[in-house]
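To convert, count from 1 in the sequence shown and add 3; that's the numbering used here.
Careful, some of the hints might be misleading.
[What the hints assert, rightly or not] Straight-line alpha carbon distances no greater than 25 Å define the calculated DSS-like cross-link-like pairs of lysine-lysine that follow:
1) LYS46 x LYS74
2) LYS228 x LYS216
3) LYS153 x LYS164
4) LYS216 x LYS245
5) LYS46 x LYS90
6) LYS223 x LYS245
7) LYS204 x LYS231
8) LYS104 x LYS164
9) LYS153 x LYS28
10) LYS261 x LYS245
11) LYS46 x LYS28
12) LYS261 x LYS164
I should point out that these hints are in silico values taken from the structure, not numbers from a laboratory.
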Amino acid sequence: MADITPALVAQLREVSGAGLMDCKKALTQTGGDLQAAVDLLRKQSKIKGETRSARDAREGVIAQHINAGGKVGLLVEVNCETDFVAKNETFREFADGIARKLAADPNANLEADRVDAFTKIRENIQIPRFHRIEVQGSGCVAAYIHTGAKVGVLVEVGAGKDATTQHDDFKQLVRDITLQIAAASPVAVSREQVDPAIIAKERDIAAEQVKGKPPQAIAKIVEGKLDKYFQTHCLLDQGFVKANGEITVREQVNRVAKQLGDDITVRRFVRFQVGERAA
Numbered sequence: 004m005a006d007i008t009p010a011l012v013a014q015l016r017e018v019s020g021a022g023l024m025d026c027k028k029a030l031t032q033t034g035g036d037l038q039a040a041v042d043l044l045r046k047q048s049k050i051k052g053e054t055r056s057a058r059d060a061r062e063g064v065i066a067q068h069i070n071a072g073g074k075v076g077l078l079v080e081v082n083c084e085t086d087f088v089a090k091n092e093t094f095r096e097f098a099d100g101i102a103r104k105l106a107a108d109p110n111a112n113l114e115a116d117r118v119d120a121f122t123k124i125r126e127n128i129q130i131p132r133f134h135r136i137e138v139q140g141s142g143c144v145a146a147y148i149h150t151g152a153k154v155g156v157l158v159e160v161g162a163g164k165d166a167t168t169q170h171d172d173f174k175q176l177v178r179d180i181t182l183q184i185a186a187a188s189p190v191a192v193s194r195e196q197v198d199p200a201i202i203a204k205e206r207d208i209a210a211e212q213v214k215g216k217p218p219q220a221i222a223k224i225v226e227g228k229l230d231k232y233f234q235t236h237c238l239l240d241q242g243f244v245k246a247n248g249e250i251t252v253r254e255q256v257n258r259v260a261k262q263l264g265d266d267i268t269v270r271r272f273v274r275f276q277v278g279e280r281a282a
């Protein structure tokens, strides 16, 4: 049995955030075993990750997990207080573990994991959002995490036949699409998916900008400005980055589909950037 020294008590307090007497009791009951004392305090709900919740958790990483069959994908944002911790291997492993857990069960209770990470990292840790895609029918889901893990993408691409998804050209297309989304930040797959309220707002802005023009020209100018909005914000209408914008993403998708003799459809995507909701 280890001596219950003031230094050991102080160490447990630093690790757990629990009170002085609670730490002394836990160490006594566990024979001075620090990890066992932490576990005991957790069971007694004496450790609270919330002790630092007043601090902003605006740093962090985006993590992803794709299951072995490529039919289920998960993107999650995990926040911490400092960029130093965001680069820490323990924190990165924690984020990856959360992604795996949520991919397997989107209703998983993460509080024990969060508190356990808090006891090791000693920063406020939050999991503000995640997005899970499960493919229905033929197709696959893919993810891309940009260098530094501050931006992540999850995309579902459908095909007429599952065999198509195993072709190297299809896999390359999907990867190129994830890179496109990371770099160009589209808000929708196509103009049909853009919120009508956003379209109405953009139309009003465009109309205001051309006030005073000849009436017969206004409608044409407004539609031209809307078209430019779609080219910037809709994935399929964007210039294909890998081809330096010489063709659109839609044209590249159609080109690969023709080569493979199958239908290929970009169904949906999400793009996460650390802290964008905390701004």
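Do the hints match the structure? See the list:
no. : hint            : result
1   : LYS46 x LYS74   : violated (37 Å)
2   : LYS228 x LYS216 : holds (14 Å)
3   : LYS153 x LYS164 : violated (34 Å)
4   : LYS216 x LYS245 : violated (38 Å)
5   : LYS46 x LYS90   : violated (30 Å)
6   : LYS223 x LYS245 : violated (31 Å)
7   : LYS204 x LYS231 : holds (14 Å)
8   : LYS104 x LYS164 : violated (29 Å)
9   : LYS153 x LYS28  : violated (42 Å)
10  : LYS261 x LYS245 : holds (19 Å)
11  : LYS46 x LYS28   : holds (13 Å)
12  : LYS261 x LYS164 : holds (14 Å)
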